[in-house]
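*Asks:* First residue of the sequence shown? That's 796 in our numbering, and the numbers climb one at a time after it.
Note that these hints are calculated values from the structure, not bench results.
Being a predicted model, the structure only gives us computed values, none of them experimental.
Keep in mind that the hints are not guaranteed to be accurate.
[What the hints assert, rightly or not] The calculated label-pair distances, taken between Cβ atoms and stated as ranges, are:
id	residue 1	residue 2	range
1	1010	895	24 to 30 Å
2	1090	893	42 to 48 Å
3	1044	924	44 to 50 Å
4	1075	804	17 to 23 Å
5	1022	1098	38 to 44 Å
6	895	1074	36 to 42 Å
7	1098	1075	19 to 25 Å
8	902	814	42 to 48 Å
9	801	1027	29 to 35 Å
10	924	1099	44 to 50 Å
11	837	1113	36 to 42 Å
12	921	833	43 to 49 Å
13	910	1075	30 to 36 Å
14	893	1047	40 to 46 Å
The beta-carbon is built from N, C-alpha and C at its ideal position, and this holds for glycine as well.
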Amino acid sequence: MIIDLRSDTVTLPSPAMREAMYRAEVGDDVYGEDPTINRLQELAAERTGKEAAIFVPTGTMGNTASVLAHAGRGEAVMVGDQSHIYRYEVGGASTLGGSPMYIIPTDEHGMLDLHKIETGISDGSDEHAAPTALLCIENTHNRCGGTILNLEQIAELTDLAHSHNIKVHMDGARIFNAATALGLPVSALAQRVDSMMFCLSKGLSAPVGSMVVGSREFIHKVHRMRKLLGGGMRQAGVIAAAGIVALEQMVDRLVEDHEHCKQLAHGLADYPQIAIDVESVVTNIVNFSVRNAQQPLTHEETLQFLARAQQHGVLMGTMGEGTIRAVTHYGLDTEDIQTALHGIRRALIDMQL
796 MIIDLRSDTV TLPSPAMREA MYRAEVGDDV YGEDPTINRL QELAAERTGK
846 EAAIFVPTGT MGNTASVLAH AGRGEAVMVG DQSHIYRYEV GGASTLGGSP
896 MYIIPTDEHG MLDLHKIETG ISDGSDEHAA PTALLCIENT HNRCGGTILN
946 LEQIAELTDL AHSHNIKVHM DGARIFNAAT ALGLPVSALA QRVDSMMFCL
996 SKGLSAPVGS MVVGSREFIH KVHRMRKLLG GGMRQAGVIA AAGIVALEQM
1046 VDRLVEDHEH CKQLAHGLAD YPQIAIDVES VVTNIVNFSV RNAQQPLTHE
1096 ETLQFLARAQ QHGVLMGTMG EGTIRAVTHY GLDTEDIQTA LHGIRRALID
1146 MQL
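Sequences and hints are given; from them, build the entire structure.
*Replies:* Take a look at the structure:
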C-alpha cells in the first residue's frame, strides 16, 4: 500500500464527481454555450463575492492570464521570492507578457516585506524604472508550509498597493484551506484583492481545473488572455461538473485534512532525527527536515531518505535545501497517517539516523 503525501493534486475524483461528469449537460464554451461551465463560473463568483469568474484548465494558466490582464508589456509585477508565480510558473509574466518581475522578500509565514514593497514601487516618473502595475500575493503559501495570510495582513498589503494605484492579484490555489483554518468565508479573504485564482484540483479534489475571479471588466480581459494561452475549450462541462461538486460538497471536509496534517506533524515531532515546527502547521502542508547527529541532511542525503521512505510505502517531495514536504488530502484517514509515520520511521532506521 502506498501513502502518497507528495501533494493534494494526487486526489482522485469522488463518486459524486464521476456521476456528475457522466451526466453533465454540455455545449461549446468558446461560444459561451456550455451550461455546466456557466453554472460553475456563477457559483465561483458567488462563493468568492466577486462579479464574475472564468474557468481555466490549470492554476498556472489562471495566474499567467491574470498577470497579462493586469500588467502591460514593460510594466513591473511584484512577486514574493518564495512565491509559486516566481518559482514554479516558468516566468510567464516575463516570458509571455514582457513584464519584469520585482522580487520581494518573504518571511517564514508567507508575508511580504511591506517596506520593500513601498520602496520598490515605481510610479513611472523615473524613466529608468519599469512602472509598477501589479502586486501578487499567495494564500495559503506553498513553500512556507501552508501558512495563512489573515485579514489584517491582506488589508496591509492591499491598502499599500492601492494607495499607489497598483492592482493586487492573489494566488489562492488553496484559499479554501485558508478560509477553513480561519473560520471565515472565502469571500472575506477575497474582498480586498482585485483578482484571485483558486484551484479545484487540489484540496477540493476535482480532476481538472482552476477559477479566476474578479470584476466583469477584468474577467473579460482574462477571457482574451485565456484564448491567447490556448485555454479555450469546447464541451468543457464534462470537467466543470466535477468542479461544481467540489465547491458544493468538498469544502467542509477540508478540516479533516488539517486534522490529519496535525496528526502527522505531532507524530514526526516524536522522532528525534526530525526537525519540525509543529506550531507552524495550520492547514494541510507540513515541512520538515531530517538530521544526522544534529546536522541537517544534505540535498543528496535527503533524496536518499525519500527513496527509502518510498520503499516503505510513503511518497513525499522535497522543496530543496534539505526540506521535505508532506501534504494531506481527500482519500487519507487517520490509519493512513499512522501507516505513513511507521514507514518514515523504518526509513530513518534504514539510513542509520
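*Asks:* Work down the list of hints and note, for each, if the structure agrees.
*Replies:* The hints, checked one at a time:
no. : hint                      : in the structure
1   : 1010 <-> 895: 24 to 30 Å  : holds (25 Å)
2   : 1090 <-> 893: 42 to 48 Å  : holds (45 Å)
3   : 1044 <-> 924: 44 to 50 Å  : holds (48 Å)
4   : 1075 <-> 804: 17 to 23 Å  : holds (22 Å)
5   : 1022 <-> 1098: 38 to 44 Å : holds (41 Å)
6   : 895 <-> 1074: 36 to 42 Å  : holds (37 Å)
7   : 1098 <-> 1075: 19 to 25 Å : holds (24 Å)
8   : 902 <-> 814: 42 to 48 Å   : holds (44 Å)
9   : 801 <-> 1027: 29 to 35 Å  : holds (31 Å)
10  : 924 <-> 1099: 44 to 50 Å  : holds (46 Å)
11  : 837 <-> 1113: 36 to 42 Å  : holds (40 Å)
12  : 921 <-> 833: 43 to 49 Å   : holds (45 Å)
13  : 910 <-> 1075: 30 to 36 Å  : violated (23 Å)
14  : 893 <-> 1047: 40 to 46 Å  : holds (42 Å)
Hint 13 from the earlier list is the only one contradicted by this structure; the remaining hints agree with it.
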